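> The residues making up each chain are set out below.
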Amino acid sequence: MRNAHVILAFAFLVVAKAASGQTPPPPQAPTPAPPVASSLPFTGTLDVGGLFTTTSGDEARYERYRDNRDGVFSDLTARRDTEVFLFDANATHIGYRDQRYAVSYTRPKLDFGFRFIGQPVNYSYITRTPFTTEGSTLTLDDNAQRAVQGPTFATNDGTAVGVPCAPGAPPAACGNPAQAAQALANRSIYNNLAPTFDMRQTRNTAAFNATYAATKDIDVDAGFRSIGRKGEQPFAGSFAFNNAVELAKPLDDRTNDFSLGASWARPKGSVRIGYDGSWFNNQFSSLTWDNPIFINDYNNGLLPPNGPYDPSGYSNGNGAAMGRMSVAPDNSMHVFSATALYKVWRRTSLNGTAQFTTQNQNDRLIPWTSNSVINSPVVIAAFPGLAQVPRATAEAKATGVNTLLNFNTRPSNLVNVAVRYRFNKRDVQTPIFDASEYVRFDAVPEEVEEGHTPQFDNSRHTFDANVSFTPTNLGTVRVGYGHEAIARQGRGFADVGENIFRVSWDTYSSELFSVRASFDAGRRRGSGFVEAAEGNDDLGTGATGPGGTQPTLRYYDEADRNRTRGSVVFTVTPTEVVDVFFQFSGGHDTYLADDSVPVSRPGELFGLQKSTVTSWNAGLDYHPTDRISAGGNYGHDTYGSLQRSRNANPPPDPTWTDPNRDWTLDNDDRVDTVNLFLNLLRPFRNTDVRVEYDLSTSNNSFVHGGPRIAALQSIGQFIPLPDVDNTWQRLTADVQYFFSRRVGVGLGYYFERLEIVDFNTIDSSGPNGFNPATGVPRIDWLGALITGYGNRPYSGHTGFIRLLYHF
Amino acid sequence: MNRPRFYLLAASLTFGLAVACVGNGIEPVVMAAGAGAQAGRPSPPPSRAAAAQPPGEYVGEATCAACHDQSYKGTKHALMLNERTPAATHGCESCHGPGKAHAESGDPALIKNPKKMKPAEVSDICTSCHNRASHALWDGSQHFQRNLTCTTCHSVHAPKGEPQLVARTEMELCASCHRPVVNRVYRFHHMPVREGGLTCSSCHNPHGSSNVRLLRAGTTIDESCTSCHTDKRGPYLWEHAPVSESCTTCHEPHGTNNDRMLVSKLPFLCQRCHVTSRHPPTVYEGYLLQNSANGNKIYARACANCHTQVHGSNAPSGKALLR
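Protein chains in written order, with my numbering: chain A, 1068 to 1874; chain B, 62 to 384.
Hints in this document: simulated from the structure, not taken from any laboratory.
No experiment lies behind these values; they were computed from the predicted model shown.
For glycine and all other residues, C-beta sits at the position ideal for the given N, C-alpha and C.
Treat the hints with caution; some may be incorrect.
Stretches of chain A that chain B covers, calculated by requiring three or more beta carbons in the stretch to come under 8 Å of a beta carbon on chain B [what the hints assert, rightly or not]:
1. 1259 to 1265
2. 1749 to 1759
3. 1858 to 1869
Pulled a few chain A residues facing chain B out of the computed Cβ check, cut under 7 Å [to be verified]:
4. 1132
5. 1244
6. 1311
7. 1322
8. 1325
9. 1330
10. 1682
11. 1710
12. 1793
Here are the simulated lysine-lysine pairs, BS3-like style, with alpha carbons at most 30 Å apart [said to hold, decoys possible]:
13. B:176 - A:1297
14. B:134 - B:173
15. A:1464 - B:177
16. B:177 - A:1677
17. A:1297 - B:293
18. B:293 - A:1283
19. A:1492 - B:177
20. B:161 - B:173
21. B:293 - A:1176
22. B:161 - A:1283
23. A:1335 - B:177
24. B:137 - B:177
25. B:293 - A:1335
26. B:134 - B:179
27. B:161 - B:134
28. A:1297 - A:1176
29. B:176 - B:161
30. B:137 - A:1335
31. B:177 - A:1176
32. B:179 - B:137
33. A:1464 - B:293
34. A:1297 - B:137
35. B:293 - A:1677
36. B:293 - B:221
37. B:221 - A:1176
38. A:1176 - B:179
39. A:1297 - B:173
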């Protein structure tokens, strides 16, 4: 099919070329000059040949966003430029999953464009799953489920293991090396029922856009875009702490976007009003999947609160035979906007925009649970809220208002003033949903105090003022101040304000060098901190923060923070043919305790403490002629963060306030990047050569510390995690030789290699980094049944040989 | 016929039909003002009569071409029948100003040369026409304030890449200042930028935007990301607070070495905020990974092995984002 498409497209081009070779229409009249449209030729390139790939290791990761299957290579372009119109078209990789097409046509009154983009995401070709997918239902072999469950609901009367460390054949729990060894030796029955499959998805986008110049000043623009997504993606659906399940979630959804606008513009200013609508539709509103360790909903024969469900089923695995989850709901978004620009006088302008947004989602809600034991009269009598959901549909809605106003003036050649104000508001209007009684993991009904859906409204006012001075031709110094005030509902702080000071220096007039440097410092402070008395606070003393958190926890996206950022871009051009550049950027965030921390617990602070980012780059570009260019760049990036936590039980357990239970995590990621390129156009007769090489190598460490770690080490229950290392390299080379002005041959080569060690990838030997990688997934590690999707090494070679024809 | 094949056939037909029409010189009616156009026959360029004797201080393109070999042919500026373009007005002098004094004396100071002008003055020239749609918010934008101008990134006469860029590709151009950001696309988990599926301008509008960070779509970071990732848009029955705040609380959209472009690896990212009791703040390390069922909080999808609906849940029992 793929080759037929290439032939079809090629045929169209041949027809078009033949059509364009017809005798042009006769001249209209001696004066004025005849139209020039038909006298200018079509130009373009036909680049057609073969593509061949060989891969070792994780082939899907090599092809992650591409389709490199053996077959026809195609790259077609066509262009025609006249004084009346411009036409441009291209087609790439016809028939492959990553095929792309684009057409643009510009005339005096009309600007039209179309593009189609196929974008694959290839997860893995070596994943395995015992689930059979039918629509949005994933099922397991019934005999296997029965063998795991056993004849009764006793924990270990099964004859097979479904999930290691879960009920079934022993062991039903793993907490020490002996149990773990037993669990790893007793393979899951599903291991032999899980065939290999390709896990991938494809996102196809088709978009049209057109702008019509109704008059010299007025444009009308319209656009339509449709994005369809199909395939599978790795997802999870679990039943208990010891029964985690990874699935190949089916995908079939579509987003349609439509836009319409009208604008009026003159040199003095412009105005545009517009509408943008977006509709997301998911063929699957929920997902249903089998439990690998139960074919019947667990039933212990007791009465609430001790049964017939297992009150600890969310942790020990005694739960439902099937799970049901909601997936991405259908939703829509509508935006009405107005944008305007007005040049008040010669060097002063005002521009701004106002947008009103509504978002809606009203999918039908799934039931509280799929568990028939819980959906029984005896349980409903104890949990009457579970008789039915409070409403049939979500009725979810949010509205938004956004305004932006920019004022810019240059009263003299030396001074520029820019002032900006932005207002943004998100108002959640979803009616509160009462889930004070709900079902956890489809296993256990619970009643909770914080059982109502939250509404995370926020509104922001942002003010920015910057003044630039250009005293000499050596550059412009800018100083500025910004203030952002955020009001939030449902978070830790009710109000947050940040003051930002900035300074920058930019040169532009020297032919020898240029400098761009900036420095920002921000101080964010919150007020109205919420110390909730709800959650796990059985004592009612405010011992916990919101949601049962440690009361000194600060959520880093709103916590008090000191921030500094800086960057320098320095470029030297000693001669016209050489640029030498140096870039640095860095930033440091420190998160602070709030003044409301109880005096009895001074100095405590949990969550993210600080983070630091630095990036150094140096390189040069050499371009002696239009036909020769070469260059390279070396970059070194570091990213570091420190976070704190406490491994504790809830109050009144003494571990809750025991500082010896504290621990820290230090995460450092160091990355080196190298980019090299060489372009030689006609270094030899009729030959073009292009070569590029890219490298990125990373060392990502996770180091625990603190008294809790020392305590675990003392009892032999702490093993440091190995660093996550990866090195990625890519080499591309393309050589084209032209026999004549029009005809040539091309040879291309693409090489890519990834070396990686990642402890969260489980091979047949166990977790990578602790054990040698085998590249063969293991789907039944401790406490889970997974697909085997992970981060594994690969190397791949792709070669292209093709004929080139310029017309 | 399934959808991909339908789109392929439609694209091929559109492609071939457009080429055939253009090749045959079949064109829709040209609605040029005062041109006396007839259907299927293009009108003579209206400015040609005017160009023969340019008024006042203008000398006309032919005079410029006598000394200068720069051209803008093959670009939208050269569409003579579009009354807004330089070709339809004063040609070269539309941007460089009246050239009579310069042509008579040869003095380069008597003509507008963007290479020698202040950035804001260059912007004034370009935005006298390019002041609508994606360029309407240039004045006061971040790049404008840092003394960039149109010719910093674009070249009318000698572009190297599309659309009329001074570099071969967008990435190469943006890297001249934003190298640390561009380097991120080479990291292990990334958007398909280095594969050609996206470019910098897929998400950003460098000319000015109503959104933060010069993001092209929407009015917040979330609206920008969910303009493509519409499955995450919601709103949901149960929302996850950092998701409502900003996608970049958890994700680094340019690329990272952590799965799903997270700013840190799971479970550690979640543990920055979930400091409660029992399993959320448990120390997840090598002993648990190799000896306990709780290792399932470390490998594969880590916390998301159970808390699957991390972007929000529409399930009545979705309180902990489990369903």
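> Hints first: check each against the structure and report whether it holds.
Hint check:
no.	hint	in the structure
1	1259 to 1265	violated (count 0)
2	1749 to 1759	violated (count 0)
3	1858 to 1869	violated (count 1)
4	1132	4 Å, holds
5	1244	5 Å, holds
6	1311	4 Å, holds
7	1322	4 Å, holds
8	1325	13 Å, violated
9	1330	5 Å, holds
10	1682	4 Å, holds
11	1710	5 Å, holds
12	1793	5 Å, holds
13	B:176 - A:1297	50 Å, violated
14	B:134 - B:173	20 Å, holds
15	A:1464 - B:177	54 Å, violated
16	B:177 - A:1677	45 Å, violated
17	A:1297 - B:293	16 Å, holds
18	B:293 - A:1283	41 Å, violated
19	A:1492 - B:177	44 Å, violated
20	B:161 - B:173	12 Å, holds
21	B:293 - A:1176	38 Å, violated
22	B:161 - A:1283	28 Å, holds
23	A:1335 - B:177	25 Å, holds
24	B:137 - B:177	25 Å, holds
25	B:293 - A:1335	41 Å, violated
26	B:134 - B:179	26 Å, holds
27	B:161 - B:134	22 Å, holds
28	A:1297 - A:1176	38 Å, violated
29	B:176 - B:161	20 Å, holds
30	B:137 - A:1335	22 Å, holds
31	B:177 - A:1176	34 Å, violated
32	B:179 - B:137	25 Å, holds
33	A:1464 - B:293	14 Å, holds
34	A:1297 - B:137	38 Å, violated
35	B:293 - A:1677	29 Å, holds
36	B:293 - B:221	38 Å, violated
37	B:221 - A:1176	27 Å, holds
38	A:1176 - B:179	33 Å, violated
39	A:1297 - B:173	54 Å, violated
Going through the hint list in order, the structure does not satisfy hints 1, 2, 3, 8, 13, 15, 16, 18, 19, 21, 25, 28, 31, 34, 36, 38 and 39.
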